[in-house]
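Chemist: Taken in sequence, the protein lines are chains A and B.
Numbering-wise, our numbering comes out as the position in the first sequence, counting from 1, plus 147.
Numbering-wise, our numbering comes out as the position in the second sequence, counting from 1, plus 147.
Source of the hints: derived by calculation from the structure; they are not laboratory data.
Check the hints yourself; a few may be wrong.
Note that identical chains are pooled: a pair holds if it fits in a single copy or bridges any two copies.
As the list claims (entries may be wrong) - The calculated BS3-like cross-link candidates involving lysine-lysine, where the alpha carbons are at most 30 Å apart (straight line), are:
| no. | residue 1 | residue 2 |
| --- | --- | --- |
| 1 | LYS515 | LYS351 |
| 2 | LYS536 | LYS515 |
| 3 | LYS208 | LYS464 |
| 4 | LYS536 | LYS464 |
| 5 | LYS399 | LYS614 |
| 6 | LYS396 | LYS472 |
| 7 | LYS480 | LYS447 |
| 8 | LYS208 | LYS472 |
| 9 | LYS536 | LYS583 |
| 10 | LYS448 | LYS614 |
| 11 | LYS271 | LYS585 |
| 12 | LYS271 | LYS480 |
| 13 | LYS448 | LYS228 |
| 14 | LYS183 | LYS281 |
2 protein chains.
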Amino acid sequence: MADKKVEAITSMEEDFAQWYTDVVIKSDLIGYTSVKGFMVLKPAGYAMWELIQHQLDSRFKQTGVENVYLPLLIPEGLLQKEKDHVEGFAPEVAWVTHGGLNELQERLCVRPTSETLFCDFYQKDITSYRDLPKVYNQWCSVVRWEKETRPFLRSREFLWQEGHTAHATAEEAEERTIQMLNVYADFCEEVLAVPVIKGQKSEKEKFAGAVATYTIEALMHDGKALQSGTSHNFGDGFARAFGVQYTDKENKLQYVHQTSWGVTTRLIGAIIMVHGDDNGLVLPPRVAPTQVMVVPIQQKKAGVLEAADAIAASLEKTVRIKVDKTDKSPGFKFAEQEMRGIPIRLEIGPRDVEAGQVICVRRDTGEKTTLSINELETAIPQLLETIQKDMLEKARAHRDAHTYVAKTWDEFTDTVENRPGFIKAMWCGETACEEKIKELTGATTRCMPFEQETLAETCVCCGKPAKKMVYFGRAY
Amino acid sequence: MADKKVEAITSMEEDFAQWYTDVVIKSDLIGYTSVKGFMVLKPAGYAMWELIQHQLDSRFKQTGVENVYLPLLIPEGLLQKEKDHVEGFAPEVAWVTHGGLNELQERLCVRPTSETLFCDFYQKDITSYRDLPKVYNQWCSVVRWEKETRPFLRSREFLWQEGHTAHATAEEAEERTIQMLNVYADFCEEVLAVPVIKGQKSEKEKFAGAVATYTIEALMHDGKALQSGTSHNFGDGFARAFGVQYTDKENKLQYVHQTSWGVTTRLIGAIIMVHGDDNGLVLPPRVAPTQVMVVPIQQKKAGVLEAADAIAASLEKTVRIKVDKTDKSPGFKFAEQEMRGIPIRLEIGPRDVEAGQVICVRRDTGEKTTLSINELETAIPQLLETIQKDMLEKARAHRDAHTYVAKTWDEFTDTVENRPGFIKAMWCGETACEEKIKELTGATTRCMPFEQETLAETCVCCGKPAKKMVYFGRAY
Chain A
148 MADKKVEAIT SMEEDFAQWY TDVVIKSDLI GYTSVKGFMV LKPAGYAMWE LIQHQLDSRF
208 KQTGVENVYL PLLIPEGLLQ KEKDHVEGFA PEVAWVTHGG LNELQERLCV RPTSETLFCD
268 FYQKDITSYR DLPKVYNQWC SVVRWEKETR PFLRSREFLW QEGHTAHATA EEAEERTIQM
328 LNVYADFCEE VLAVPVIKGQ KSEKEKFAGA VATYTIEALM HDGKALQSGT SHNFGDGFAR
388 AFGVQYTDKE NKLQYVHQTS WGVTTRLIGA IIMVHGDDNG LVLPPRVAPT QVMVVPIQQK
448 KAGVLEAADA IAASLEKTVR IKVDKTDKSP GFKFAEQEMR GIPIRLEIGP RDVEAGQVIC
508 VRRDTGEKTT LSINELETAI PQLLETIQKD MLEKARAHRD AHTYVAKTWD EFTDTVENRP
568 GFIKAMWCGE TACEEKIKEL TGATTRCMPF EQETLAETCV CCGKPAKKMV YFGRAY
Chain B
148 MADKKVEAIT SMEEDFAQWY TDVVIKSDLI GYTSVKGFMV LKPAGYAMWE LIQHQLDSRF
208 KQTGVENVYL PLLIPEGLLQ KEKDHVEGFA PEVAWVTHGG LNELQERLCV RPTSETLFCD
268 FYQKDITSYR DLPKVYNQWC SVVRWEKETR PFLRSREFLW QEGHTAHATA EEAEERTIQM
328 LNVYADFCEE VLAVPVIKGQ KSEKEKFAGA VATYTIEALM HDGKALQSGT SHNFGDGFAR
388 AFGVQYTDKE NKLQYVHQTS WGVTTRLIGA IIMVHGDDNG LVLPPRVAPT QVMVVPIQQK
448 KAGVLEAADA IAASLEKTVR IKVDKTDKSP GFKFAEQEMR GIPIRLEIGP RDVEAGQVIC
508 VRRDTGEKTT LSINELETAI PQLLETIQKD MLEKARAHRD AHTYVAKTWD EFTDTVENRP
568 GFIKAMWCGE TACEEKIKEL TGATTRCMPF EQETLAETCV CCGKPAKKMV YFGRAY
């Protein structure tokens, strides 16, 4: 009873995938319609995306990013201009063939990503070095015709932001690529309390059309990796395919150098799978739509609701706070708010009113303390900061405790089978080894981390001289 | 030279349509790609949409609205469930027929509006009176396959918000319909400085599937009307078509009553056409991405740039302010900022620095004053408020001066031909008269205003007893 007050959800240990599905449904993050493979972001889920969007957008703008909006539909001819790109995306796009009652002369795909459109736009919009750099971003949805879908992790439509930049030089483009990866990494740690590994994708795993793809990789509670954001350097490949040129100061025509970078609603999946527990969601305060829920006990008794409202009124300028006045039982309310991951619960009954105090319960640790009503205005914002910090540290400790080193093939296979988590291992750099490892173990190269170590001299797979240390893992 | 400092734009008197096109292009609001009928919202245009979105969203939330996100694509079968609705929209939707490499079993349309999806969702999500009301909204883009397109006014894709609500009773639904129309009207007046007429659409002009459609109608500088926002009461028509039912307190099954309401990027068109002049855009401060531009004069002289930066630093907490440090001439900068509609320009040169003053120029009136640098922190926010208020009053005066009364058919036709604007006239309520008036004069019924007057006893068209006073006008 104590730990399972609401309709039971599957425990994480028993079946992590089912636990995940139970949580997203029972915490009311998503819903369904008759559109197969698509999901509804319900108020609790969308409010998290709004908090992500506002905080990330303000970090973008501090680096000079400007928002724009480009068309939803892309003519087939545009998609085909860059060879690697079309091969990567054509198999998974949705095609519009009719507009109104007429068949279109050229079919249009629903954007799976907008590199081609930005190139087409930049080709018209950029003429001189004075027009550079362009550091544009858009918030929108994209469609990819996935066969298997899972809420937030893989669905036929998802919300994201896609930044697309154009620069005068290769150096500037590389600098922006890394800068945005750092923005993502800092955001994940500081706002989502999700620690990430920063690194470069292998040739095999890089984005269709990119010279280099950088990634942030997070470790979920079950030891699987989640690619949580990527930043791509395109060099001048797209510019050459689309003729995006500018005249430099010497009046010579040059190709621009481009980047793109994006994160998606998948980040909500990361929050769930990094912080959640057997009672449901556990939300870091900075992405919690409701940070504090006041639960009146014996709320019909004189003074209780008034006291609850007064607490909410005194905190509402600094904290997202609500009072649960529904006619459900306190026990049910507790369980429901735990399921929804609300960081702090304040309980107040007739005796508390008399004593001028509340019971304060942390969602992340379950810790209960008694606080004087007078001190709430300073104590609650501080406690939210503490929870935010503690959740990051807890996630980091879990990640570190589930990061293993494999120097030999035996160690590698043993770890993959028995200890879910990241595996650091040396790699010769050959795609053949990468593919063999994936085929034999299901683990993929997550990234070549920026912070390299020399664990051994030889590749964990083929025994030839090693070139890079790689994070491997089974991934979502 | 004085009034035409930048590359000339067509004057409003000469050709209003061309003036409009010149302004949206030369003030950098929009751009184009190779996707026919679609436009790019460039940073200056998108920033206006962001300001609209943030301020409107916060007004929505004050009335209890929650944001959600529903799928982009709608199965044909869903669209067809409500007969009037499918007839209204089927001719103008884009159809997805292929997902990835396969043809779909059922084609999907790109949402032209989401009533059908919300019904499908509510049918699954609502079971009891405890689930009501649902007051949901989404910010997204929609696609309608228009033949003729004009930036912001009519394009194949536009950004908007669509609110969709479900209520236990007819009264509650009607109340919400009117409430949201009032939110729109207040927003247009207080934020966009665009006065509007509130009223009900005729049977002929109402939304496909609605019981009643309410509208806000604004008058553009050229005397044409622009429908600027609508709010629809659906009664239980959609609920019956989609089976959206709840059990009431007596445990009886009841149909919900629904509403929907929306405004679009068309509002940006209204801002341009209500406030603009022959020098370009004139932006109301509350939707101006940059509210104040500081222009250093002889900026290479010692102390000038420092003084400009100090002014910006002292104001940036309360005002959206920038310093134009480009190497363009002051005259060119002035003209460029006028084109972009920036409400206030502050000029500061070496002598001003010495005197501790700036020249302050209002975009809306051209008025120049000299202000002490010390008083800017109070004077500039006040002046922005004054400009906001004056722009609304000016627009209201223009609207009132171009609103005419026609009691007879001769007066009506004479006014339509010679005095562009709103025409108030009496109407019998018959669609036949409405259609005849449109055919003969090009004027349509804009709305039956909430504030009714009795101008005459008989219909301006047929002479039969009049039922309603109507605003007529030629419209965008």
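Chemist: Are there hints from earlier that the structure breaks, and if so, what are their numbers?
Modeler: Per hint list: 1, 5, 9, 10, 11 and 13 violated.
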